[in-house]
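Protein chains in written order, with my numbering: chain A, 3 to 329; chain H, 3 to 329; chain B, 3 to 329.
There may be inaccurate statements among the hints.
Which copy is meant is left open, so a pair is good if it fits within one copy or across any two.
[To be verified] As a list, the in silico SDA-like pairs of lysine to any residue whose alpha-carbon atoms are at most 20 Å apart:
#  : residue 1 : residue 2
1  : LYS260    : TYR220
2  : LYS91     : VAL323
3  : LYS260    : VAL190
4  : LYS91     : SER328
5  : LYS260    : GLY185
6  : LYS91     : ALA216
7  : LYS260    : SER86
8  : LYS91     : THR265
9  : LYS260    : ASP201
10 : LYS91     : SER302
11 : LYS260    : HIS172
12 : LYS260    : ASP58
13 : LYS91     : MET321
14 : LYS91     : GLY60
15 : LYS91     : ALA263
16 : LYS91     : VAL158
17 : LYS91     : GLY209
18 : LYS91     : VAL34
19 : LYS260    : THR162
It should be emphasised that the hints constitute simulated quantities derived from the structure, not laboratory data.
Being a predicted model, the structure only gives us computed values, none of them experimental.
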Amino acid sequence: MKKILLATTILSMSAGFAAADVSVSGDARMGVVSTEGNSVFSSRVRFKFSGSGTTDGGLAFGGSARADNAGGASGGTAGSVFISGAFGKISMGDVDSGDKASVGQLASVGWDGAGYGNSISYAADGGLLGTGNDGDYAGTGGAKVLYTYSSGALTVNASTGQLSNGGANHQSYGVGAAYTTGGMTLAVGYGSNSIEATDGELEGATGSITDISASASYTMGATTIKAIYQDKSANVSYEDADLDLGSAVSMGASVASKIDAVTLTAYTISTNVTSDVAEIDVTVNRMGVGVGYDLGGGASFSAGWAQIGAVDGASASKMDVGVNFSF
Amino acid sequence: MKKILLATTILSMSAGFAAADVSVSGDARMGVVSTEGNSVFSSRVRFKFSGSGTTDGGLAFGGSARADNAGGASGGTAGSVFISGAFGKISMGDVDSGDKASVGQLASVGWDGAGYGNSISYAADGGLLGTGNDGDYAGTGGAKVLYTYSSGALTVNASTGQLSNGGANHQSYGVGAAYTTGGMTLAVGYGSNSIEATDGELEGATGSITDISASASYTMGATTIKAIYQDKSANVSYEDADLDLGSAVSMGASVASKIDAVTLTAYTISTNVTSDVAEIDVTVNRMGVGVGYDLGGGASFSAGWAQIGAVDGASASKMDVGVNFSF
Amino acid sequence: MKKILLATTILSMSAGFAAADVSVSGDARMGVVSTEGNSVFSSRVRFKFSGSGTTDGGLAFGGSARADNAGGASGGTAGSVFISGAFGKISMGDVDSGDKASVGQLASVGWDGAGYGNSISYAADGGLLGTGNDGDYAGTGGAKVLYTYSSGALTVNASTGQLSNGGANHQSYGVGAAYTTGGMTLAVGYGSNSIEATDGELEGATGSITDISASASYTMGATTIKAIYQDKSANVSYEDADLDLGSAVSMGASVASKIDAVTLTAYTISTNVTSDVAEIDVTVNRMGVGVGYDLGGGASFSAGWAQIGAVDGASASKMDVGVNFSF
């Protein structure tokens, strides 16, 4: 829950100060997380700064960072800064890749996301594996700059990682588009993340991961359903040779429904990883269900259960229950 | 000195926003610390966030962290989060153990606590040694969850460390109670912190430290006197064998008196460490005196002298002098 | 752009609270930095706390730290705390050395300082080399305490590092004075930073770096020109022997001019490093030009080009362009 501190506004009214503003908000949680039956108490409290302003020419700008990642935000790998106007919005820092910003993730469940099994990783976002939490980090080939432009029902996102030779010779970019009509939003995206060997025996060899993603979501009253699809493939090219390392294809769906103070959420997602080179053909199934109850005043109770990283029958389950606060 | 930012309140009055709130306060100090005659300039400045709110059902909740330990607060090992109501108050994070919360510490002296020689450590709080600064850390067997319940003159505290198998197989808990009548407060507490070897030759061997503590304090006008007692013992059990490693018994007293802007403080505490196994029988005496002067506006001057860790005649003295500010 | 949160003030008016205050401000930037033709996106966002108050006796006090260096500020190596009155101002923490505070630096250019080639290092500030960014760090022999006193046109600064034997046996101090008449400011300073071997074969050997610095700046309307000079020398003394290790002499000038919303800046500085012992005699030339444009509301656009660390013809160039925001 973000709050605009009125302080500066009052000052600026009386003394012609610049209109730029800083607000501080926070979130906290306390609960129990159980992984494969092993339970631990879990808690955290975090605070976030948000700065915003407007130029004389009407461009909006701002920046935000949490107190706990303020060091990264000072170095450009956490938090973000933006400027926006009729031309769209340009963000830098720990931003989403263009395809991720458009296609998004399935609904999460539970108190702390119950293991975040709902998410897929995007190559251009720095996430190279097919499953698990999104590897969002500006420093390792992930998106560093995100450009967003909206016109009517259409929103386009495009991102790039660091420029050539910046950041360990990674090169990445992602593009995405989303179109909304009625309660329906359709989104597609494409991302690429490659790294080139610049010396040694394999100089010039390039390893790359690319993915094409799509999602469709439909909101009817207080219920939203969403389906997601991603086809990710990895290959290495060296001189004239080109080696297909394999692919990971994910398909999933989620539903979230709010009935008065109660929110029900569920997702299921399946990722098929195949590789002729490694002679692999496995399917990872993940699913989760969750319930939330709005306690009012910025507090909510929630609980979730998820089966994450279940490879061909073997299973890893995670359960959580607790309260979330926002200040 | 904490301050409630009015900002959100004003917003919520006008627009029905949630009543949750964030305030920012700070403290700073500058002075000179002299340890065994070796003097150094010492300074610091810290800022603290406090979030608070109330659910629709009337439960109060909140969380706090300092900017300098925001990383730990995000991971649950610093700062804390709480929810409270008629049932009492539950806190998680870097909380006191139940016995420590009830029994407390003697009055500290000087500008930066003059070495904190006034304090005893509590086993359930993560502090395993008999003397010195309290080893308060949620990550190493110390208290993770604290429950407090008050009814009239009686306040009960109970804490637990991480659940079984969480955090390096530590298990800890602490309970305490305090009763106040007139200017007198009597408190008792019990704490236990054990660690079990889960593999290797000594699998099943358990080392544990337990302590029973008590304090009595009496306030008359602007003067408070306090006496404290703690009996801490360590033992190892393996199969049917039980080995007494020794004990540390501490006894001490302090007095703090405020005369107009001047505060005078003094403490003395003695810890007798005995171990038949190690053939040890030493007594550590610590004492300190301090003076403070309230400069007004959140500033104060203070100076202290303490003899800390003086083992059987050998002495380590510490002196400090400086100003403290609170914002 | 700092802002005073009115919150506490309002509280104190209505309820007699202490007048101490905390404000939060921020800055952010996004742009491109090009070093020797290798370009990278660069961004950051930072937030800063400032606490202030006044004692009943009229002394002003305060402290400040950024969220990203809050850890250092808690340990005394970042941020700073001060108290001031008719006697002057005493600051502790990551403060400037006395000579640096008086003599200062040339104008910087560009969006992120374009490599900070404009600056010279001050021995008493922890910066031991003749060129490059100022090695301002309270922990390594740099200034820990700064005293400032102004009387009419004269301002005197004096600093000291940690006291004897504090901080790896460094001893440092710096003194400076600045005199302003009309648009002209003349400043001189002297600094010394030495380290003594306290054991080993060379016990008693002392290495020291001293520098004498001077600057003159003249402001006419919206244009300021500044010239700077520094003679730094290093030597080692052991018993009766005294070895001259060499010297670094810097001379430079800068100009900054503001025409409506446009700011133009340029500097040039030359450092001659000579050492009979090492048989070195090299001259490092640095120069830079920059342009800024005030976008209003706390935002500005800027670009700079600098040739930094150019040793006897060899050259390292840096270019940057981007926007800066302040909240």
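Structure-based check of all given hints:
For a Cα distance limit of 20 Å, the shortest separation of LYS260 from TYR220 inside one copy, 14 Å, qualifies, whereas the shortest one across copies, 55 Å, does not. Taking the shortest Cα distances, LYS91 and VAL323 sit within 20 Å of each other only across copies (18 Å), while inside one copy they are farther apart (38 Å). Proximity of LYS260 and VAL190 under a CA criterion of 20 Å is satisfied in neither setting, with 27 Å inside one chain copy and 48 Å between copies. In this assembly of identical chains, LYS91 and SER328 lie within 20 Å of each other by CA distance solely across copies; the values are 18 Å between and 27 Å within a copy.
In this assembly of identical chains, LYS260 and GLY185 lie within 20 Å of each other by CA distance solely inside one copy; the values are 16 Å within and 53 Å between copies. For a Cα distance limit of 20 Å, the shortest separation of LYS91 from ALA216 qualifies neither inside one copy, at 23 Å, nor across copies, at 47 Å. Taking identical chains as interchangeable, the C-alpha atoms of LYS260 and SER86 are never at most 20 Å apart, the minima being 33 Å within one chain and 27 Å between chains. Proximity of LYS91 and THR265 under a CA criterion of 20 Å is satisfied in neither setting, with 32 Å inside one chain copy and 26 Å between copies.
Proximity of LYS260 and ASP201 under a CA criterion of 20 Å is satisfied in neither setting, with 56 Å inside one chain copy and 48 Å between copies. Taking the closest pair of Cα atoms, LYS91 and SER302 come within 20 Å of each other only across two copies (17 Å); inside a single copy the shortest separation is 33 Å, beyond that limit. Within a single copy, LYS260 and HIS172 get their C-alpha atoms no closer than 42 Å, and across copies no closer than 41 Å, so neither meets the 20 Å cut-off. When the C-alpha separation of LYS260 and ASP58 is checked against a cutoff of 20 Å, the pair qualifies only between copies, where the shortest distance is 18 Å, while the shortest distance within a copy is 42 Å.
In this assembly of identical chains, the alpha carbons of LYS91 and MET321 never lie at most 20 Å apart, being 38 Å within a copy and 24 Å across copies at closest. Taking identical chains as interchangeable, the C-alpha atoms of LYS91 and GLY60 lie at most 20 Å apart only when both belong to the same chain, with a minimum of 13 Å there against 41 Å between chains. Taking the shortest Cα distances, LYS91 and ALA263 never come within 20 Å of each other, neither inside one copy (35 Å) nor across copies (24 Å). For the homomeric pair LYS91 and VAL158, the shortest alpha-carbon distance inside one copy (11 Å) is at most 20 Å, but the shortest distance between copies (48 Å) is not.
In this assembly of identical chains, LYS91 and GLY209 lie within 20 Å of each other by CA distance neither inside one copy nor across copies; the values are 31 Å within and 55 Å between. Only between protomers do LYS91 and VAL34 lie at most 20 Å apart by alpha-carbon distance; the minimum there is 17 Å, versus 39 Å within a single protomer. Taking the shortest alpha-carbon separations for LYS260 and THR162, neither the intra-copy value of 36 Å nor the inter-copy value of 36 Å comes in at or below 20 Å.
Hint violations for this structure: numbers 3, 6, 7, 8, 9, 11, 13, 15, 17, 19, all remaining hints satisfied.
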